[in-house]
Amino acid sequence: MRKKTSRIDNKIDILLVGQPNVGKSVLFSRLTGIKTVVSNYSGTTVAFARGKMRWNGTDFTVVDAPGTYSLEPLDDASWVTVDLIDDARRIINVVDASHLERHLPLTMEVLAQNKPTILVLNMSDEARYRGITIDAEKLSHKLGVPVIPIVARSGEGVKKMISTLFTLQIQKGEEEKDERGHPGHHPHLFRKTKRKHIDDHSHLDRRKIWEEIGNIVSDVQTLKHHHKSFAERMEELTVHPLWGSLFALIVLFLSFSLIRLIGEFLISGGVGIIGEPWMELPFGTELLFENLLKPLLKELSLVLGEKGFLHRLLIGTLIEGEIDFSQSFGILTSGLFIPLAAVLPYLVSFYLVLSLLEDVGYLPRLAVFMDSLMHRIGLHGYAIIPTLLSLGCNVPGIMATRILETKRQRFITATLISIAVPCAALQAMIVALVGDRGALPLAIVYGTLLLVWIVLGIILRFVAKGFKPELLIEIPPYRLPDLNTLLSKLWMRLLSFFKEALPIIIGTVLVVNILYQFQLFDLLARLTEPLVTRMWGMPKEAIVPLFVGILRKDVAMGMFIPLQLTTKQLVVASVVLAMFFPCLATFVILFRELGIKEGLKSTGIMFLTVFIAGSALNLTL
Amino acid sequence: MKKTLTQMHAGEEGRIDFLHGGRGLRNRLYKLGFVEGQRVRKVSDLSWGGPVIVMVNRSQVAIGRGMAGKIMIETEKKR
Numbered sequence: 074m075r076k077k078t079s080r081i082d083n084k085i086d087i088l089l090v091g092q093p094n095v096g097k098s099v100l101f102s103r104l105t106g107i108k109t110v111v112s113n114y115s116g117t118t119v120a121f122a123r124g125k126m127r128w129n130g131t132d133f134t135v136v137d138a139p140g141t142y143s144l145e146p147l148d149d150a151s152w153v154t155v156d157l158i159d160d161a162r163r164i165i166n167v168v169d170a171s172h173l174e175r176h177l178p179l180t181m182e183v184l185a186q187n188k189p190t191i192l193v194l195n196m197s198d199e200a201r202y203r204g205i206t207i208d209a210e211k212l213s214h215k216l217g218v219p220v221i222p223i224v225a226r227s228g229e230g231v232k233k234m235i236s237t238l239f240t241l242q243i244q245k246g247e248e249e250k251d252e253r254g255h256p257g258h259h260p261h262l263f264r265k266t267k268r269k270h271i272d273d274h275s276h277l278d279r280r281k282i283w284e285e286i287g288n289i290v291s292d293v294q295t296l297k298h299h300h301k302s303f304a305e306r307m308e309e310l311t312v313h314p315l316w317g318s319l320f321a322l323i324v325l326f327l328s329f330s331l332i333r334l335i336g337e338f339l340i341s342g343g344v345g346i347i348g349e350p351w352m353e354l355p356f357g358t359e360l361l362f363e364n365l366l367k368p369l370l371k372e373l374s375l376v377l378g379e380k381g382f383l384h385r386l387l388i389g390t391l392i393e394g395e396i397d398f399s400q401s402f403g404i405l406t407s408g409l410f411i412p413l414a415a416v417l418p419y420l421v422s423f424y425l426v427l428s429l430l431e432d433v434g435y436l437p438r439l440a441v442f443m444d445s446l447m448h449r450i451g452l453h454g455y456a457i458i459p460t461l462l463s464l465g466c467n468v469p470g471i472m473a474t475r476i477l478e479t480k481r482q483r484f485i486t487a488t489l490i491s492i493a494v495p496c497a498a499l500q501a502m503i504v505a506l507v508g509d510r511g512a513l514p515l516a517i518v519y520g521t522l523l524l525v526w527i528v529l530g531i532i533l534r535f536v537a538k539g540f541k542p543e544l545l546i547e548i549p550p551y552r553l554p555d556l557n558t559l560l561s562k563l564w565m566r567l568l569s570f571f572k573e574a575l576p577i578i579i580g581t582v583l584v585v586n587i588l589y590q591f592q593l594f595d596l597l598a599r600l601t602e603p604l605v606t607r608m609w610g611m612p613k614e615a616i617v618p619l620f621v622g623i624l625r626k627d628v629a630m631g632m633f634i635p636l637q638l639t640t641k642q643l644v645v646a647s648v649v650l651a652m653f654f655p656c657l658a659t660f661v662i663l664f665r666e667l668g669i670k671e672g673l674k675s676t677g678i679m680f681l682t683v684f685i686a687g688s689a690l691n692l693t694l
Numbered sequence: 010m011k012k013t014l015t016q017m018h019a020g021e022e023g024r025i026d027f028l029h030g031g032r033g034l035r036n037r038l039y040k041l042g043f044v045e046g047q048r049v050r051k052v053s054d055l056s057w058g059g060p061v062i063v064m065v066n067r068s069q070v071a072i073g074r075g076m077a078g079k080i081m082i083e084t085e086k087k088r
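Order-wise, the sequence lines are chains A and B.
The working numbering applies: residue 74 is where the first sequence begins, and numbers increase by one.
The working numbering applies: residue 10 is where the second sequence begins, and numbers increase by one.
None of these hints come from the bench; they were simulated from the model.
Each hint can be trusted.
Derived Cβ-Cβ restraints for the label pairs, each shown as a range:
1. LEU636(A) with TRP57(B): 39 to 49 Å
2. SER330(A) with SER56(B): 23 to 33 Å
3. TRP57(B) with PHE664(A): 30 to 40 Å
4. GLU45(B) with THR479(A): 23 to 33 Å
5. GLY31(B) with LEU636(A): 54 to 64 Å
6. THR640(A) with ARG32(B): 54 to 64 Å
7. TRP57(B) with LEU327(A): 19 to 29 Å
8. ASP26(B) with GLY520(A): 45 to 55 Å
Ideal Cβ placement from N, Cα and C applies to all residues, glycine included.
Produce the entire structure from the sequences given, and follow the hints as far as they go.
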């Protein structure tokens with residue numbers, strides 16, 4: 074069933090329309106200055122973005138439509154786009170200059186909408202590199218609309234595009250409608266497809282359109298024979314059954330090593346990796362806290378008299394007369410240390426490496442290799458992308474499940490993520506705490522989560538009802554990542570951590586602190602004692618961090634420190650914490666994406682799984 | 010010679026002869042440029058139930074095995 078897009082009351086001055094992964098979002102941020110997440114694979118823009126562009130002293134509304142292959146009402150993206158086109162005054166149709174024939178079918182449908190339109194050949198630098206020349210003037214003549222080659226990433230041609238755009242006449246009344254910007258040559262082929270039911274005739278039309286497009290393309294495009302570029306050779310090599318699998322393993326191994334290395338480096342400034350801290354400076358977040366913040370807080374602690382309500386709130390409890398950043402639990406100690414010193418470095422390194430893989434265009438190839446494995450858990454390979462994103466933070470990961478086609482896939486992927494995929498914040502704390510007890514306990518934690526992900530996936534495959542689609546994706550070409558895009562994406566992702574997670578972390582520390590002071594946790598601990606102590610073998614005090622985990626898991630993990638858990642208890646605690654109740658932000662997103670009914674189902678599955686996994690781990694270890 | 014995409018071996022080229030399967034599947038394939046008469050080259054075949062990778066219009070497309078088995082190709086002899 075179709076959901077009506079929320080009606081757009083004010084008109085759209087400029088609408089960007091194009092297929093997935095043609096760089097609409099790059100162009101959008103160039104026009105409006107608004108940064109959106111851009112990646113080298115299809116479907117990054119799942120909703121549409123709106124912004125303002127200033128030109129000659131006037132503001133214009135610019136909207137970036139979701140990438141769609143067609144205006145025929147086949148999926149949500151095309152519905153949304155059709156609605157947006159209805160409200161648009163001018164359309165910029167963005168196509169990939171190096172794959173003109175693949176993009177023109179959509180262009181034909183857009184032109185049939187009879188709106189003032191210009192065609193923009195994006196990534197014309199890549200086309201040049203691949204030996205493709207397009208005669209823009211000839212193409213413009215054939216289609217009856219202006220055609221401008223641009224490079225959205227560098228800004229080449231964008232000025233010309235804008236000035237051409239504003240030479241187009243905007244329709245004022247209905248009677249002028251057909252005067253401008255309609256396809257002059259083949260009106261019989263390009264009838265309005267809007268809200269038309271697709272029947273079997275349309276496929277005959279389509280063959281005609283493809284034939285027509287083939288003629289146009291062979292007329293305007295010249296392919297210079299060139300030796301296969303390095304990128305093209307790699308594109309084939311990395312999907313080769315044998316070399317490609319090896320390559321995938323190496324990439325995964327290098328990625329995780331690099332994430333750890335950069336993370337550790339940012340925390341300790343090289344201590345433990347190189348041996349000595351880098352130079353004699355307090356580089357590294359941990360050292361910054363120890364050397365710069367601690368002396369200040371010591372002063373404050375003395376001023377506050379080392380105890381009392383305010384001292385406990387701000388500094389927390391002194392451990393053996395000293396401030397301990399991970400145990401004291403004041404707002405200024407643990408409240409700042411956990412997000413900034415322990416979590417942020419890993420977040421930076423994770424997103425840096427992931428963004429690199431995204432922008433080069435490797436992720437869809439990884440999806441291809443994961444496909445046969447993922448089918449065994451009722452998903453197809455593309456589901457690996459939201460899952461990998463979730464290793465950073467579950468919230469954008471679950472949002473990214475929208476790139477999957479069916480409700481069933483979204484349900485399985487999101488449920489598995491919320492239960493068995495730990496976010497970077499939690500992982501940073503798990504690695505610090507459990508890793509301290511040795512590599513084996515750490516391996517048990519990760520192994521259990523992986524096992525739960527697989528086993529639960531297999532069960533859900535048989536239980537969850539619905540259509541099981543097969544993989545059908547376009548694999549993007551390899552592209553040299555653009556440093557600016559990469560850094561701005563990293564910055565946006567970190568910014569959302571600062572905006573959304575940081576206040577919650579500090580708030581959580583505050584709430585925990587107050588609840589402690591009023592001893593409300595004792596009541597909670599008594600109520601849930603049988604489950605926690607008998608089934609999971611943990612001291613009853615461990616219930617407190619588990620409840621705090623509903624707010625923030627990294628903070629909760631820090632609360633295990635003063636409990637002096639045995640290694641076995643710590644392993645069980647980490648696994649239970651990771652699986653039990655996704656953090657509040659994830660929980661909200663899960664319900665928003667799945668709806669209340671499916672969200673409740675997912676939650677029920679979570680309770681059952683965490684109960685079984687925690688008990689099983691406790692009994693077998 | 011007519012074969013399905015799954016029967017072709019890597020490196021083999023041909024033209025799409027016919028797309029079996031329902032309207033939904035055909036529509037999805039058309040969107041990615043799989044139309045009768047279109048030239049394709051098989052790039053790779055990830056066995057053990059993995060997808061088939063083909064080159065269409067100079068783009069790589071990964072197709073699940075089930076779908077790939079429904080695409081008939083008129084193969085050409087290599088020059």
